[in-house]
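There are 2 protein chains.
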Amino acid sequence: MPSPLRIGLAGLGTVGAGVVRLLDQNASLIASRAGRPIAVVAVSARDRARERGIDLSRFGWEDDASALPAREDVDVVVELVGGADGPALTLARATLGLGKSLVTANKAMLAHHGLELARLSDRTGALLRFEAAVAGGIPVIKGLREGAAANQLTRVYGILNGTCNYILTRMAREESEFADVLAEAQGAGFAEADPAFDIDGIDAAHKLAVLSALAFGVRPDLGAVSIAGIRPVTLADIRQAEALGYEVRLVGLAERAGEALSQRVAPSLVPARHPLAAIEGALNAVVAEGDHVGRLLFVGAGAGAGPTASAVVADLVGIARGEAGPAFSLPADALVALPPAPAAARAGRFYIRLRVEDRPGVLADLTAALRDSGVSIESLNQPASGADGLALVVMVTHDCAETAVAAAVDRMAALPAVVDPPLLMPILPLEG
Amino acid sequence: MPSPLRIGLAGLGTVGAGVVRLLDQNASLIASRAGRPIAVVAVSARDRARERGIDLSRFGWEDDASALPAREDVDVVVELVGGADGPALTLARATLGLGKSLVTANKAMLAHHGLELARLSDRTGALLRFEAAVAGGIPVIKGLREGAAANQLTRVYGILNGTCNYILTRMAREESEFADVLAEAQGAGFAEADPAFDIDGIDAAHKLAVLSALAFGVRPDLGAVSIAGIRPVTLADIRQAEALGYEVRLVGLAERAGEALSQRVAPSLVPARHPLAAIEGALNAVVAEGDHVGRLLFVGAGAGAGPTASAVVADLVGIARGEAGPAFSLPADALVALPPAPAAARAGRFYIRLRVEDRPGVLADLTAALRDSGVSIESLNQPASGADGLALVVMVTHDCAETAVAAAVDRMAALPAVVDPPLLMPILPLEG
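Line by line, the protein sequences are chains A and B. Residue numbers for the first sequence, in the working numbering: 25 to 456. Residue numbers for the second sequence, in the working numbering: 25 to 456.
Some clues are possibly wrong.
One copy or any two copies: either way a pair holds, since identical chains are not told apart in the list.
Here are the computed lysine to any residue pairs in the SDA-like style, where the Cα-Cα straight-line distance is at most 25 Å [said to hold, decoys possible]:
#1 K124 / D412
#2 K124 / A348
#3 K124 / R297
#4 K124 / G106
#5 K124 / E208
#6 K124 / L447
#7 K124 / R179
#8 K124 / R30
Everything labelled a hint here was simulated from the structure, so no lab data went into it. For clarity, every value in this text was computed on a predicted model and none was experimentally measured.
Between the sequences and the hints, there should be enough to build the whole structure, so can you do that?
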């Protein structure tokens with residue numbers, strides 16, 4: 025049997041413990057598929073004594089994770105510490121700088137420092153791999169880097185945050201409002217105590233920046249992603265969307281717009297017959313559209329110890345087999361800094377929801393705002409008013425520039441009869 | 025720029041011409057992703073003069089494809105000749121025997137001779153790659169070999185033949201019978217003039233044998249696959265299935281059954297809420313269920329020049345990057361010959377459809393046949409009789425052994441009142 029690939033593992037939370045368990049449970053299967061055993065030799069975590077259900081006594085221990093790559097008995101470091109900067113980044117730099125390969129699930133670090141780390145990887149020849157950073161167990165990084173490698177990709181998009189999808193689909197199924205489902209999800213462990221990263225779309229934006237780099241050969245650039253979260257989505261929006269033939273999903277979407285790249289995370293209306301409309305609960309899904317392959321869809325568990333560990337170990341198997349190639353498919357110096365697409369270049373249909381005082385003349389003011397912004401609408405619905413004397417108004421536009429509809433919404437928001445901030449959601453087309 | 029990877033291409037049908045076009049159109053993108061250019065240098069086909077819309081004058085020509093691997097200017101051979109034996113097999117043996125890597129879309133050859141070719145690949149160190157052999161452009165071979173490599177897989181199944189799926193979904197949508205849709209599909213180029221390979225399930229069985237080898241570490245063994253096609257499926261079956269909450273799909277399914285492996289291709293009832301029920305037209309879809317990753321779903325175009333060429337070139341990119349590893353994930357000598365699961369070990373719920381003479385006593389005879397075989401039923405439906413005095417009887421069983429339900433169907437088929445051969449279809453469970 026050839027010598028094992030020796031792993032230094034930093035971070036022993038849910039995923040880290042899952043990696044240890046997976047390597048234990050499927051050791052012989054993994055060794056035969058990888059061509060050599062894969063063995064954790066040293067670990068690092070904040071608290072050595074915490075009960076994790078795994079025996080740590082057989083591993084070396086480092087109080088400081090950044091000591092792992094310097095160990096002579098470590099070939100590859102697995103970084104599961106998390107956080108865009110701090111100890112995770114120190115560890116990543118130390119590992120790649122020493123010419124040892126790094127496997128990470130850290131989308132925040134990749135979105136912020138992916139270019140620097142990819143350059144370091146190119147320079148030292150150490151691999152940087154991150155299948156677990158996007159869409160948990162779904163092999164979508166490999167799907168883009170390898171499976172779709174022959175294609176010019178036109179769009180990449182998907183449901184990239186399981187917490188948001190869980191909340192939106194529970195709201196729909198249980199007729200519940202956002203705040204109630206969030207509280208319930210926190211109780212059940214499906215949402216963090218501080219849920220902002222998830223529900224405000226930041227986690228999905230990190231993942232989208234990583235997907236964009238792979239798909240379009242651009243530098244990962246979180247600042248180029250336009251981000252909106254799901255807090256403003258109400259049960260009424262979901263019901264109105266359903267009545268119009270759509271489901272509401274938090275969609276991260278990147279697409280070429282001439283010489284620019286549009287990257288957007290937003291709660292969106294997805295046609296009921298679109299495959300993303302069928303993605304329920306904590307599942308993730310990614311669609312990649314290529315010039316030769318057409319539309320590819322990948323679906324699976326986006327989080328959890330088992331699926332994420334599966335993706336981490338898939339990367340380790342690839343390294344053990346001797347795979348090669350740059351982190352983002354192209355050499356880091358070939359990654360370009362495409363400018364973000366201006367909102368004027370982004371077009372499509374949009375959903376607008378307003379809460380207005382229920383009195384004569386309001387609709388005339390709203391439609392005047394649309395006219396003055398050059399936006400024409402396909403439908404306008406005004407469900408029965410509530411007991412509070414306020415009415416819901418829901419509009420679907422024809423194709424228009426995002427700048428135009430945004431201007432219309434600004435005009436409407438300034439009207440005295442419009443009570444809450446309006447909600448604007450893009451509508452995903454059924455076909456590419 | 026490093027030296028190009030030089031390709032000898034055998035077979036210039038739809039897919040072969042598509043590979044030439046793809047390598048032309050995306051040449052610079054592919055070169056930067058692969059780290060070196062990928063260039064066709066020599067080709068072989070039956071008819072040199074045929075108009076294909078591509079300029080062959082820049083390539084070397086071989087009348088005999090098996091001369092390609094011996095050429096000094098060829099590094100890798102792409103085999104798109106087709107056929108389990110004959111010229112394709114001769115070419116594959118010659119290529120791998122000379123230590124040159126082979127990329128093939130030939131599922132029939134892999135299902136029949138995959139073990140021999142994998143052994144040859146292991147011996148000479150040449151790679152054997154076949155992403156295009158299963159599910160067209162969908163990177164499901166890489167998904168299993170790499171993405172799910174850390175998992176013990178419990179089941180792999182899917183819609184593996186686009187022609188059958190096209191026919192079944194057209195029947196449902198257009199209220200048409202099998203023969204009419206087949207004729208129309210042949211006219212539109214979606215079905216071959218001789219459609220037997222597709223509609224009798226043989227093509228899907230080839231692909232299932234290849235998936236099983238990768239997923240379960242078994243030798244590809246077409247003889248171990250139980251095969252039924254879609255010819256006996258009527259519009260009435262599709263309507264009855266829909267009324268019961270199912271869609272009819274040709275499903276290829278492989279799963280462990282103790283120390284045996286069950287591999288079956290059969291028209292099957294798929295629950296309306298199962299992701300495979302949403303797969304329409306010529307799309308393909310593969311589900312892989314792993315012990316850590318859970319359920320993964322891959323969807324995309326299962327055939328056509330663009331998607332298949334995309335998969336062929338994806339393999340070439342991997343070879344250009346220097347990827348390594350055995351054909352079926354494990355060394356060929358480690359692949360085991362699991363016995364086929366006996367039908368008695370296969371259990372589940374089943375759909376039974378009979379056409380019977382519409383007279384008193386028939387139902388009593390049918391239910392007696394079920395009782396005598398130890399099969400209990402969940403439902404029995406008898407839609408209104410036709411003008412021919414014949415009645416349709418549709419039954420759904422509770423969980424039972426396949427041997428038991430097969431015995432019951434045999435008993436029923438022997439009854440004088442049962443007119444046509446009964447149709448027995450397995451019901452796919454919603455969850456694994």
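To see whether the hints hold, each was checked on the structure:
no.: 1; hint: K124 / D412; in the structure: neither (64 Å within a copy, 77 Å between copies)
no.: 2; hint: K124 / A348; in the structure: both (13 Å within a copy, 20 Å between copies)
no.: 3; hint: K124 / R297; in the structure: neither (46 Å within a copy, 46 Å between copies)
no.: 4; hint: K124 / G106; in the structure: within (19 Å within a copy, 44 Å between copies)
no.: 5; hint: K124 / E208; in the structure: neither (43 Å within a copy, 58 Å between copies)
no.: 6; hint: K124 / L447; in the structure: neither (48 Å within a copy, 59 Å between copies)
no.: 7; hint: K124 / R179; in the structure: neither (33 Å within a copy, 36 Å between copies)
no.: 8; hint: K124 / R30; in the structure: within (11 Å within a copy, 32 Å between copies)
The earlier numbered hints that this structure contradicts are 1, 3, 5, 6 and 7.
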